[in-house]
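Protein chains: 2
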Amino acid sequence: MELRLTSGEIIELNKGENIFSALKREGIYLVASCGGKGTCGKCKVKVISGDCDVISFGKLTAEERESNLVLACRTVPKSDLLVEIPKESRLVVGDKIAIAKTKDLVGYFKSYNAALSPIVKRVYLELPPPSINDNIGDLERLKRALEEKGFNNIRFSHDFVSKMVEVLRFSNWKVELTYVESDLVPYEAIFLTSTEFCSRRYGIAVDIGTTTVVVYLVNLIKGEIIDVGSTYNSQMRHGDDVITRIVHATEGGGLEELREAVVDDINTIVNSMKERHKIETCEIDSATVAGNTTMSHLFWGLNPGTIREDPYIPTLNRFPLWKGGTAKLSINRQAPVYTVPCVASYVGGDIVAGVLASKMHRNSEVALFMDIGTNGEIALGNNEWIMTAACSAGPCFEGSGVRCGMRATPGAIEAVRIDPVTFEPEIRVIGEGHPMGICGSGMIDAISEMFLTGVINQKGKFVSGTTDRIRHGEDGPEFVFYVDEKLHRSIVLTEVDIENLLRAKAAVYAGITTLLGEVGFTIDSIEKVYIAGGFGNYINVERAIMLGMLPDMPREKFAFIGNSSLTGAYLCLLSEDLRKEAEEIASKMTYMELSVSRNFMDEYMSALFLPHTDMGQFPTVAALMGGAR
Amino acid sequence: MELRLTSGEIIELNKGENIFSALKREGIYLVASCGGKGTCGKCKVKVISGDCDVISFGKLTAEERESNLVLACRTVPKSDLLVEIPKESRLVVGDKIAIAKTKDLVGYFKSYNAALSPIVKRVYLELPPPSINDNIGDLERLKRALEEKGFNNIRFSHDFVSKMVEVLRFSNWKVELTYVESDLVPYEAIFLTSTEFCSRRYGIAVDIGTTTVVVYLVNLIKGEIIDVGSTYNSQMRHGDDVITRIVHATEGGGLEELREAVVDDINTIVNSMKERHKIETCEIDSATVAGNTTMSHLFWGLNPGTIREDPYIPTLNRFPLWKGGTAKLSINRQAPVYTVPCVASYVGGDIVAGVLASKMHRNSEVALFMDIGTNGEIALGNNEWIMTAACSAGPCFEGSGVRCGMRATPGAIEAVRIDPVTFEPEIRVIGEGHPMGICGSGMIDAISEMFLTGVINQKGKFVSGTTDRIRHGEDGPEFVFYVDEKLHRSIVLTEVDIENLLRAKAAVYAGITTLLGEVGFTIDSIEKVYIAGGFGNYINVERAIMLGMLPDMPREKFAFIGNSSLTGAYLCLLSEDLRKEAEEIASKMTYMELSVSRNFMDEYMSALFLPHTDMGQFPTVAALMGGAR
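Residue numbers (the working numbering), protein chains in the order written: chain A, 35 to 663; chain B, 35 to 663.
There's no promise every hint is true.
When chains are identical, the list treats them as one kind, so a pair holds in a single copy or across two.
As the list claims (entries may be wrong) - No more than 30 Å apart at the CA atoms, straight line, and that leaves these computed lysine-lysine pairs for DSS-like:
#1 Lys183 x Lys622
#2 Lys357 x Lys144
#3 Lys622 x Lys357
#4 Lys177 x Lys357
Hints listed in this document are in silico derivations from the structure and should not be mistaken for laboratory results.
Please model the complete structure; the sequences and the hints are all you need to start from.
Below, the structure written as structure tokens:
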């Protein structure tokens, strides 16, 4: 049996295989937040001809069913099948992501007053060539020269010794030894180079996000960023959120698949950088990696299974300094790879790197750090203490669990206004062309506008009779933002969607207030709010406050710090002082497990309203509502 | 084209391939001291039918040529060929070797008064299981328990961490950590086991000889030897002596081939031991290896090329403590493998281990250590100093470079008497059946008997007219010890053979006198002579003195210490104190490069006689000759 696509591909089908799996096997990936388990309802494909068994239609609307749409993961072909994959169902990974312009990071690094000291150091050595009267072994000769310079007890790997002989002779006994030495790790010889070959020094700083992977190529002599590359994390083929990935990792072969996916993503970027800048593999002599705890485990091929099992324990938070070869990175095999330390199962190296990049750990004023990405981690504190927690907000602001949700890519509705009189929505779409869905910032806009105009009430329920735009759909009432007549498709937010979004924002806000309560502080104690993450860049603070996601504070206290995980990784790549600072941050951070906190549950219930049950916490919203009504 | 053997095998021939290579490709190995270069003349095969190009007949006698014998490495088939491989041409490796009975080595170990302290140690740990209130990572939990017991800054490999999670949980947080810690290496976690699984502890001690490989399986709790296994070193397929192997190693793929050969030899022995004693792979948690410098390099897959290039430099003499997995040994992947340190390119870990086993480094009396194996290394000294040298004796006492030479295996003439009146030889053959050649002890007997009876003179030349047994052969005069009428074959010693043997014994003796001269001592200063090596066990001291190979000293000063390389490896397996002693011995040994010594050349020239030009050095021989004449 064959599966044919209208785009031309022909795939031989295995017996009993569903469409989703068959496509995946051939490298054609569909959007599937749930990883192909039939729950997210996103892997829609249109059956043009042929017979198939539909196990379930999941969340498909009657309208969609009528146009022969099925869920690829719930549909098993019974005969040759011709299928069309709608544009919005296709998972585009490997695409470049628009990166916020790299600000002057060298200048920023200098502001730390930290020494430029990469992970590996180099020492130039001139050895006397061997003779009959000085006939010690090559390694002993190297050790002797090192001892003369005060280096003792260096560790030499088998790999190092295997390659040493040729380099010593090729370079006529004038070599540079690259080595590691710090308070964190014992002395180790890394590799040997001639002064002509492999003499330049580069490093990579990598942010492994659940959704995106970003890499800086850095000149380690000057600290300059030479190139930036990014891509979607191909692990998305196996699900959008961390939990789905962990489940996949614990299934046969899944761990290696996830590891390969993300390492390949990084290598693809790094290889094109090497080509572009004519850099040899051996010249990339160190790397730093920051990611949440699950991403850090998967990157190293370590099973993250225990992270999602009560009591939520990672294999490790402090990663030893393992090698590039062990990580399978296409950099010098011997290059050490520093993993920014994690704090707990749901507060990872991305947050530690982010705090390092925010400098909140250096100042006496109390600051709040928020990363509203796929998970929603927060940190509260100053130079004396830091509390941290994961809010389990889920990835709905990235489009998961929302009927028409999508990431902030071309075709996404990113901003919404609703006319308070006609209730007609005015939308702004990313890129050209028709809207295909709605992204995080669009959702925040939409909900706050619906709330302000009285389309929904404080509980997020539709106020019936307000406007014809409210209709009854498969999941109950929904608000129609856009109707695509040609494609028989509409973009809506359902009451279920709104409920999901309220849950997410409530989790974030309750996390903040719970942490504050824990230390006996209030919102007023916060001097500064750092908002991290790519998503943060597009948030309209006013609207997010109206939603009750961000605390109601003077706007100037908010600072958007972009991909602070990457900035932190970059800082750690450049300086031993800052790597130590990262370790100190991780040690200092007190992790609070919200899922077992009574206070959190109370705070969460109170935050499920728009913006909150306690309007006293949102004085500016209260004032605006007073004005609007 | 096909090559057929009378024993039934059929081998498809590649174009232009010689018989030796074709057989080797199919795993049929011929005796070839030179590794198949046409110089040793040992890979004789009999052509029964078919056409072939004989590039050269090398050392084949007219008699042999007439019986259609050719050298396999110099003969290229031109048509289908039927060939018979004579018994003496077939290289039997993988065979068991008769091992001198293991004396009570535990008792011997105890005589050192050294602590029983294997390379790895174990510590039992009971970790509190994780909970919501104690939710640090698994590795952090392990580190905390270790810190409570005073262990800090332990190194954890990626391999260790990958496997740790399962063991911790399977064993319900009660585990044994195996680790390394010594003055020689920094702390490192090796592996984790539950108290039920992998709880026994074994180690292997390996002697890698150029000719044989011997393995002890040792119970590390009690120090007892549980089993002994041995085999010929399969590297012999690529040549008998160290130099031929080095040449092979530097040819494409040769290094890996040699490494695999010897590692497979060891693994075959170890695997059958594990099966026999029902031992798990993980339970063999450490290993020690002693071999000459080339063997040590090849075992670790390190190119020994520079060892034979002036100024004769090894890659290294002191091997770091690398892992079983790196060595590809079939023991615990993480088990450390200790390589007994080498001294120089031609004085290796076998000699250091031997000196350790002799205890000469602990006593004040001056002793001489001799290993007359494939190479001929000597050491002279006491508890204050040790001089050492390699005599480049070559492997002729193991049969190489001698027309009818062979190893001490069944069929070898091992003892010879010559009737002083009739000149009829009386021979003793190892095992049953007809003699096939003559081994080292047989050669020593034969030459000393020929000398005593006046068949040869002091220069090793035949005295013409003495007896009919002297005939003129292909290489000039030869003495016939045995004639096999049926096979048209005789066993002889030629004048060229005798010359080679005199060169070898002269090298050994000159080495001794040169070292003595260097420290201003004479033969009389030597209180003890330790003769190491399997060959040593069969030497008749009187005869060897008559030959001028051993110094003329009271017989009671000679001690045969067997495979002292293996004994030393065993001692190092058991005790940190003795590993340190081995390192000290290697440091203390002053290596003398004889090949550039003027004195050695003079001593060598004087020693080319029977027993020596200076008869004053051989008073007992002089007395005997006076009596005989």
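Inset, instruction - Please work out whether the CA atoms of Lys183 and Lys622 approach to 30 Å or closer within one copy, between two copies, in both situations, or in neither? - result: between (37 Å within a copy, 24 Å between copies)
Inset, instruction - Can you give me the call for Lys177 and Lys357, within, between, both or neither, at a CA distance of at most 30 Å? - result: both (22 Å within a copy, 21 Å between copies)
Legend entry - Copy assignment of Lys357 with Lys144, given that the CA separation must stay at most 30 Å: Classified as within: same-chain Cα gap 28 Å, cross-chain 43 Å, threshold 30 Å.
Inset, instruction - If the cutoff is 30 Å on CA atoms, where do Lys622 and Lys357 land: within, between, both or neither? Let me know, please. - result: Within one copy only: 27 Å inside a chain, 36 Å across chains, cut-off 30 Å.
Consistency note: the structure conflicts with none of the earlier hints.
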